[in-house]
Amino acid sequence: MKKVFSRPRSLKDVPFHYCPGCTHGVAHRLVAEVIDELGIQDNVIGNAPVGCAVFTMDYFDFDMISAAHGRAPAVATGVKRVLPDRVVFTYQGDGDLAAIGTGEFVHAAVRGEKITCIFINNAVYGMTGGQMAPTTLLGQKTKTTPYGRDSEVNGYPIKVCEMLTPLDGAAYVARVAVHSPKAIIQAKKAIKKAFQVQINGLGFSLVEILSTCPTNWGLTPLEAVKWLDENMIPYFPLGEYKVPPAGVI
Amino acid sequence: MARVIFLEERCKGCQLCTAVCPKGIVVMTGSTNEMGYHPATVHEQDKCTGCGICALVCPDMVIEVEREEKAV
Numbered sequence: 001m002k003k004v005f006s007r008p009r010s011l012k013d014v015p016f017h018y019c020p021g022c023t024h025g026v027a028h029r030l031v032a033e034v035i036d037e038l039g040i041q042d043n044v045i046g047n048a049p050v051g052c053a054v055f056t057m058d059y060f061d062f063d064m065i066s067a068a069h070g071r072a073p074a075v076a077t078g079v080k081r082v083l084p085d086r087v088v089f090t091y092q093g094d095g096d097l098a099a100i101g102t103g104e105f106v107h108a109a110v111r112g113e114k115i116t117c118i119f120i121n122n123a124v125y126g127m128t129g130g131q132m133a134p135t136t137l138l139g140q141k142t143k144t145t146p147y148g149r150d151s152e153v154n155g156y157p158i159k160v161c162e163m164l165t166p167l168d169g170a171a172y173v174a175r176v177a178v179h180s181p182k183a184i185i186q187a188k189k190a191i192k193k194a195f196q197v198q199i200n201g202l203g204f205s206l207v208e209i210l211s212t213c214p215t216n217w218g219l220t221p222l223e224a225v226k227w228l229d230e231n232m233i234p235y236f237p238l239g240e241y242k243v244p245p246a247g248v249i
Numbered sequence: 250m251a252r253v254i255f256l257e258e259r260c261k262g263c264q265l266c267t268a269v270c271p272k273g274i275v276v277m278t279g280s281t282n283e284m285g286y287h288p289a290t291v292h293e294q295d296k297c298t299g300c301g302i303c304a305l306v307c308p309d310m311v312i313e314v315e316r317e318e319k320a321v
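Quick note, the sequences are listed as chains A and H, same order. Residues 1 to 249 (this note's numbering) make up the first sequence, in order. Residues 250 to 321 (this note's numbering) make up the second sequence, in order.
Each hint should be verified, as a subset may be incorrect.
[What the hints assert, rightly or not] Straight-line alpha carbon distances no greater than 25 Å define the calculated DSS-like cross-link-like pairs of lysine-lysine that follow:
| hint | chain 1 | residue 1 | chain 2 | residue 2 |
| --- | --- | --- | --- | --- |
| 1 | A | K189 | A | K159 |
| 2 | A | K226 | A | K143 |
| 3 | H | K296 | A | K2 |
| 4 | A | K12 | A | K192 |
| 5 | H | K272 | A | K192 |
| 6 | A | K192 | A | K242 |
| 7 | A | K3 | A | K192 |
| 8 | A | K141 | H | K296 |
| 9 | A | K226 | H | K319 |
| 10 | A | K189 | A | K226 |
| 11 | A | K242 | A | K182 |
| 12 | A | K143 | A | K189 |
| 13 | A | K159 | A | K182 |
| 14 | A | K3 | H | K296 |
| 15 | H | K319 | H | K272 |
| 16 | H | K272 | A | K141 |
| 17 | A | K193 | H | K296 |
| 18 | A | K3 | A | K189 |
| 19 | A | K3 | H | K319 |
| 20 | A | K141 | A | K189 |
| 21 | A | K3 | A | K143 |
| 22 | A | K242 | A | K193 |
| 23 | A | K226 | H | K272 |
| 24 | A | K226 | A | K182 |
| 25 | A | K143 | A | K12 |
| 26 | A | K193 | A | K182 |
| 27 | A | K192 | A | K182 |
[To be verified] What the simulated footprint calls covered on chain A by chain H, stretch by stretch (three residues with Cβ under 8 Å from a Cβ of chain H suffice, anywhere in the stretch; the number is not a length):
| hint | stretch |
| --- | --- |
| 28 | 2-8 |
| 29 | 15-21 |
| 30 | 25-31 |
| 31 | 217-230 |
[What the hints assert, rightly or not] Below, a sample of chain H positions facing chain A; criterion: calculated Cβ distance under 10 Å:
| hint | residue |
| --- | --- |
| 32 | I254 |
| 33 | E258 |
| 34 | T267 |
| 35 | K272 |
| 36 | I274 |
| 37 | V276 |
No lab work stands behind these hints, which were simulated from the structure alone. Don't be surprised by glycine CBs; every beta carbon is placed ideally from N, CA and C.
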């Protein structure tokens, strides 16, 4: 019999430290599968964030750099400009990219840096213990919004894809999810496209992946995927927000 | 003919695979693995079609899928 599904080459054979049911593992696998399929394992440099995914260098079997909190796109910019033939990507959460790192990813997109950002949006600060993130939904209870996020006090959730769409330097912007088999297949297609946009030198690419955090949401993994479907997707609609002209990739 | 292999020592018992199996043959075992979780496993292996959806949703790459190669 032929193996039709096993661990991608670009992922080391070690167990993840993530909580049970955390979809970081799915996102890691999709990135690794895309890198395998594009045959760029020896030519790719990843930038790890600060957050739950800070140990990604232990899992991905290619070159990784760690950046200061939120600064992964700035570090990736430097790497890409020094080594323009490499494929450079960042893997960041919402606390990293959309809070402390807002300046970095927006300006990397403005400059049209030829890097790819994989942005994991789970609507909460995971590693630090479940505080409100910029992407926390209105009414969502977290450690720092025990009565639910109130727009009067806490403002509104940030919509990263919608924000990047008008920028000329951004070549590919998409929002996907990893809560169902269908969504996972679409997420992989979007990640592949984002890398192809970079390889073809078209500009900045970002894929926002709606992800679950069962531990900090206080739900079981099965309840968490349902919660994502019912609450996050209506506020963060899935789809490709910006694509290069047809025929380019 | 298809087969799914569960690397039970890697399973964290999140149950995502049990909800998506179209044949409903992925179940949680009562035993405990080294990490202290009740791992998922497959019963009635012969009913498995090798669709791989359980492996697709597994965050910890516990599941490997094997299928008979199609005769050309």
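Results for each hint:
1. Pair hint K189 of chain A plus K159 of chain A holds up; C-alpha atoms about 21 Å apart against a cutoff of 25 Å.
2. Simply put, K226 of chain A and K143 of chain A have alpha-carbon atoms about 21 Å apart, close enough for the 25 Å limit, and the pair holds.
3. Our distance criterion of 25 Å between C-alpha atoms is met by K296 of chain H and K2 of chain A, whose separation comes to about 18 Å.
4. About 20 Å separates the Cα atoms of K12 of chain A and K192 of chain A, which keeps this hinted pair within 25 Å; it holds.
5. Annotation: proposed proximity of K272 of chain H to K192 of chain A is violated, straight-line Cα distance about 30 Å (limit 25 Å).
6. Restraint check: the Cα-Cα separation between K192 of chain A and K242 of chain A comes to about 15 Å, which is no more than 25 Å; the hinted pair holds.
7. In summary, the hint linking K3 of chain A to K192 of chain A is supported, as the alpha carbons are separated by about 22 Å, within the 25 Å threshold.
8. With a CA separation close to 42 Å, the supplied pair K141 of chain A and K296 of chain H exceeds the 25 Å bound.
9. For the proposed pair K226 of chain A and K319 of chain H, the alpha carbon gap of about 36 Å is over 25 Å, so the pair is violated.
10. With a C-alpha separation of about 23 Å, the suggested pairing of K189 of chain A with K226 of chain A holds against the 25 Å cut-off.
11. With a C-alpha separation of about 21 Å, the suggested pair K242 of chain A and K182 of chain A falls inside the 25 Å cut-off, and the hint holds.
12. For a cut-off of 25 Å, the pair hint linking K143 of chain A to K189 of chain A is broken: about 35 Å separates their Cα positions.
13. About 23 Å separates the Cα atoms of K159 of chain A and K182 of chain A, which keeps this hinted pair within 25 Å; it holds.
14. Proposed proximity of K3 of chain A and K296 of chain H is supported: the alpha carbons are some 18 Å apart, at most 25 Å.
15. Distance hint between K319 of chain H and K272 of chain H is fulfilled; the C-alpha atoms sit about 22 Å from each other, no more than 25 Å.
16. Pair hint K272 of chain H plus K141 of chain A does not hold up; C-alpha atoms about 36 Å apart against a cutoff of 25 Å.
17. Taking the CA atoms of K193 of chain A and K296 of chain H, the gap is about 36 Å. The hint is violated against a cut of 25 Å.
18. About 22 Å separates the Cα atoms of K3 of chain A and K189 of chain A, which keeps this hinted pair within 25 Å; it holds.
19. Taking the CA atoms of K3 of chain A and K319 of chain H, the gap is near 13 Å; set against the 25 Å cutoff, the hint holds.
20. Straight-line distance between C-alpha atoms of K141 of chain A and K189 of chain A comes to about 33 Å, which puts the hinted pair past the 25 Å bound.
21. Under the criterion of a C-alpha separation no larger than 25 Å, the hint pairing K3 of chain A with K143 of chain A is inconsistent with the structure, at around 44 Å.
22. Annotation: proposed proximity of K242 of chain A to K193 of chain A holds, straight-line Cα distance about 11 Å (limit 25 Å).
23. Note on K226 of chain A and K272 of chain H: the hinted pairing holds, with a Cα-Cα distance of about 21 Å set against a maximum of 25 Å.
24. For the suggested pair K226 of chain A and K182 of chain A, the alpha carbons sit about 14 Å apart, so the restraint of at most 25 Å is met.
25. The hinted pair formed by K143 of chain A and K12 of chain A fails the criterion: a straight-line CA distance of about 34 Å is larger than 25 Å.
26. Of the supplied pair hints, the one linking K193 of chain A and K182 of chain A holds, its CA atoms being roughly 17 Å apart against a limit of 25 Å.
27. Restraint check for K192 of chain A and K182 of chain A: satisfied, since their Cα atoms lie roughly 16 Å apart, inside the 25 Å limit.
28. Counting residues of the stretch 2-8 of chain A whose C-beta sits closer than 8 Å to any C-beta of chain H gives 6, which meets the bar of three, so the coverage hint holds.
29. Coverage of the stretch 15-21 of chain A by chain H holds. Counting CB-CB distances below 8 Å, 6 residues qualify, and the rule asks for three or more.
30. Remark: the stretch 25-31 of chain A is confirmed as covered by chain H, as 3 of its residues place a Cβ nearer than 8 Å to a Cβ of that chain, reaching the required three.
31. Residues of the stretch 217-230 of chain A lying with their CB closer than 8 Å to a CB of chain H number 4, which satisfies the three-residue condition for coverage.
32. Below 10 Å, beta-carbon pairs count as interface contacts, and I254 of chain H has one with chain A at about 9 Å; its hint therefore holds.
33. The beta carbon of E258 of chain H is positioned within 10 Å of a beta carbon in chain A (closest approach about 8 Å), and the interface hint is therefore held.
34. Nearest Cβ of chain A to the Cβ of T267 of chain H: about 8 Å, under the 10 Å cut. The hint holds.
35. Because the beta carbon of K272 of chain H sits about 14 Å from the nearest beta carbon in chain A, more than 10 Å, this interface hint is broken.
36. Here the hint on I274 of chain H is broken, as its CB sits about 16 Å from the closest CB of chain A, past 10 Å.
37. Annotation: V276 of chain H was flagged as interfacial toward chain A, and the flag is violated, the nearest CB pair being 14 Å apart, outside 10 Å.
Of the numbered hints listed earlier, those contradicted by the structure are 5, 8, 9, 12, 16, 17, 20, 21, 25, 35, 36 and 37.
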